[in-house]
Amino acid sequence: KFRMPTEDNLVPIRLDIETEGQRYKDAFTWNPSDPDSEVVVFAKRTVRDLKLPPQFITQIAQSIQTQLTEFRSYEGQDMYTAEKIVPIKLDLRVNHTLIKDHFLWDLNNYESDPEEFARTFCNDMGIEDPEVGPAVAFAIREQLYEIAIQSVASAREIKISKKGRRGAEHAISSKGGGNALDLMKLFRYNSSVVRKRKEWYVYEPIVDILSNEEVDALEAREDRNTR
Amino acid sequence: MEMPQYDPNTKPEFELYTIPSHSSWFRWDDIHETERTALKEFFDGSSISRTPKIYKEYRDFMINKYREEPSRRLTFTQVRKSLVGDVSLLHKVFRLLDEWGLINFGAVSRGDDSDNRDSSLGDTELKNQVKIEEGAPNGVRVVALPNSLKPISVPNSGADGSGNGKVVVAGETGVKLPPLTSYLDVFGDLVKLKGFKCGSCGEQCNSGCYEYSKGSFVICEKCFKNGNYGEDKSKDDFRFSDLGGNSLTHGATWTEAETLLLLESVMRHGDNWELVAQNVPTKSKLDCISKLIELPFGEFMMGSAHEMNSSSCPTGSLNSLKEGQSASSENQNDVKMEDQVHDQMNESEQNGDAATEEPPAKRKRIAPLSDGGSSLIKQVAHISTMVGPHVTAAAAEAAVAALCNESSYPREIFDGDEDYLANGLLSPTMVSDPERALQVDASKMEENQSETQDASSEKNDVPLNLRIRTATATALGAAAANAKLLADQEDREIEHLVAIIIETQMKKLHSKINYFDDLELIMEKEYNEMMQLKECLVEERIDVLERALKTGVSKWRS
Chain A
1 KFRMPTEDNL VPIRLDIETE GQRYKDAFTW NPSDPDSEVV VFAKRTVRDL KLPPQFITQI
61 AQSIQTQLTE FRSYEGQDMY TAEKIVPIKL DLRVNHTLIK DHFLWDLNNY ESDPEEFART
121 FCNDMGIEDP EVGPAVAFAI REQLYEIAIQ SVASAREIKI SKKGRRGAEH AISSKGGGNA
181 LDLMKLFRYN SSVVRKRKEW YVYEPIVDIL SNEEVDALEA REDRNTR
Chain B
1 MEMPQYDPNT KPEFELYTIP SHSSWFRWDD IHETERTALK EFFDGSSISR TPKIYKEYRD
61 FMINKYREEP SRRLTFTQVR KSLVGDVSLL HKVFRLLDEW GLINFGAVSR GDDSDNRDSS
121 LGDTELKNQV KIEEGAPNGV RVVALPNSLK PISVPNSGAD GSGNGKVVVA GETGVKLPPL
181 TSYLDVFGDL VKLKGFKCGS CGEQCNSGCY EYSKGSFVIC EKCFKNGNYG EDKSKDDFRF
241 SDLGGNSLTH GATWTEAETL LLLESVMRHG DNWELVAQNV PTKSKLDCIS KLIELPFGEF
301 MMGSAHEMNS SSCPTGSLNS LKEGQSASSE NQNDVKMEDQ VHDQMNESEQ NGDAATEEPP
361 AKRKRIAPLS DGGSSLIKQV AHISTMVGPH VTAAAAEAAV AALCNESSYP REIFDGDEDY
421 LANGLLSPTM VSDPERALQV DASKMEENQS ETQDASSEKN DVPLNLRIRT ATATALGAAA
481 ANAKLLADQE DREIEHLVAI IIETQMKKLH SKINYFDDLE LIMEKEYNEM MQLKECLVEE
541 RIDVLERALK TGVSKWRS
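From first to last, the protein sequence lines are chains A and B. Going by the UniProt record's numbering, the letters in the first sequence line up with residues 1 to 227, in that order. Going by the UniProt record's numbering, the letters in the second sequence line up with residues 1 to 558, in that order.
Hints in this document: simulated from the structure, not taken from any laboratory.
Derived DSS-like pairs: lysine-lysine, alpha-carbon spacing no greater than 30 Å straight-line:
#	chain 1	residue 1	chain 2	residue 2
1	A	K198	B	K56
2	A	K84	B	K56
3	A	K89	B	K40
Covered by chain B, per the in silico footprint, the following chain A stretches (three or more residues, Cβ under 8 Å):
#	segment
4	95–105
5	110–124
6	203–217
Just so it is clear, CB atoms sit at the ideal spot from N, CA and C, and this is done for glycine as well.
Sequences are here, hints too, so could you generate the full structure?
This is the structure we're talking about:
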């Protein structure tokens, strides 16, 4: 059954609203089992705390509601639940911190916790900006969400094509795009799970602290890209 | 290779690594039961990516990696880049090894780093300090579109007084924080007490400072007078800003009047800190927030104030007022106590803001009073211990009478809310007692019934002084109820004790009776014996006489 493959079934919500000359961007996680009345309460409080014009309230609430509904529309459906280890890539900028990282995540591990990963990450890398942790967890969640959606789609296709179970597995691993790693190849008996040293840099996290000018430049570029 | 702690000296030619003795089960070439149970996923054959062999590889790699440099603390991030597999699972293995001391046993602990990275604390709380972030976090941006005509006004937080003039804004204007600034450095100062520091002589400017208008340089009055303006600055560029009372009361000292104002403002404006800060003239927004949190019930107010349901404002104001008066309240008589009650009400009248008192709020308020946490009750208790009981009773009656005579609202509200006293301490039967007490003293309330009907429907508009009075009335009512409860308890105790005494007496009597019964028995027996003895004696005498006669003793010489 569809759900976020993490311990807490939280939905990543991204907001990017432009009204009246002001643009509000935000990203956070939401608990889909909260009552929908909370959405409006949250929107109101956000607008008040940030002193935004009141038109934002409806827009924020609508956007959140849309994303929630979309999440819920997947909820009743089956998800392909066989083991799938996917690579997760982080490439984000939070204030002055630039993070690039690459690691593997097991989709079938329903006890996985992106927040814990983010916490360990920030502790180990000595990141002091408290906004980085949640941003990292959010990025992970977003990617997991997308992959979960894909697996729903592929589960549907399997049902439609009515292949046998073996065939299904085969189809999945080829259909998963480049996403799922071929477990057979990786965890073969005579190969080691320790990577070769020359590959370490690929999976090593890179944390960069940017100066003000670099931040401005990057922001300008991002804005140009999104318009 | 590795030695348990109690066995250090066997193979000196190998490197010595210490692990705790409770991990001495560890073997390189084997997987112990501990590991199997802790990491079942590897051993249940559920997946091709989790086998004992793979586990062993992970484990051995991590331990070896740590032992390359035993004094440095191995972080998870360092190992996970070198291992193929789900990071959550790897983290589990890492944590297991860490907990058992197989890695990072001799390493420097991570606690020497800055406080706000302690993983057990949340992101926004540092031990006892609360970080208050001014404005929106930078990740949430309110940005002006390039062509928009509307200017963005961004809230400016207070300048960091350490002379660098770092100003944090949410938006594109202003100076950004230098990199690697911890939020504690910037915002911690806003929470702590810190005046402005002079830029040129480094002292605290408590009374007034001169701000450089072209930048954010600050010098104290002394330096200004002496001409130490700093480089390239002339006298005209400085602007005087009087910190005066501000810096003295900046953050740390809150007078009671201010606290009262703060509470009332929060009641009215709830979460709108701008208005609250405006109402409390000498305190900034942050001070208000931090003070509110420090107050014991502050969080109640923050959470529910905007629903106009906060509970403890009047009690809080009572408390703060009372604390001010506590020093002077020793050796009071009943008149003074009544004066106190009046003083309270007068003071709150002067402040004159509206507060809310819904019935559920009163229910909450009673709890702290009944717990004896209110200093008003302590006051009363203290006074009553110092004077005789009759005086205290008279004082209580007088106070209640004064209250009820002045306003009909307390009684009305009392009548209206029967259940507010049922907080677990008082039985429902006690509720009628304070009401009765008030009724006895306030017999002339009858004619105000119609008024009070209307009043009850407009509770929200009742001004503060009446509410304060209601509060005091409630407090006294609670005290009265408590007293009644105690008195009843005492009665019961007395009854109980008397019963015990009577019983004991009865028992004593019983045992005495028994004793006498026994004595009687004994006496009877003795008497019988005596009789028998007497008979014996008589018989013997007869015998002797007979013998004497037989042997011809002619005359019986008696």
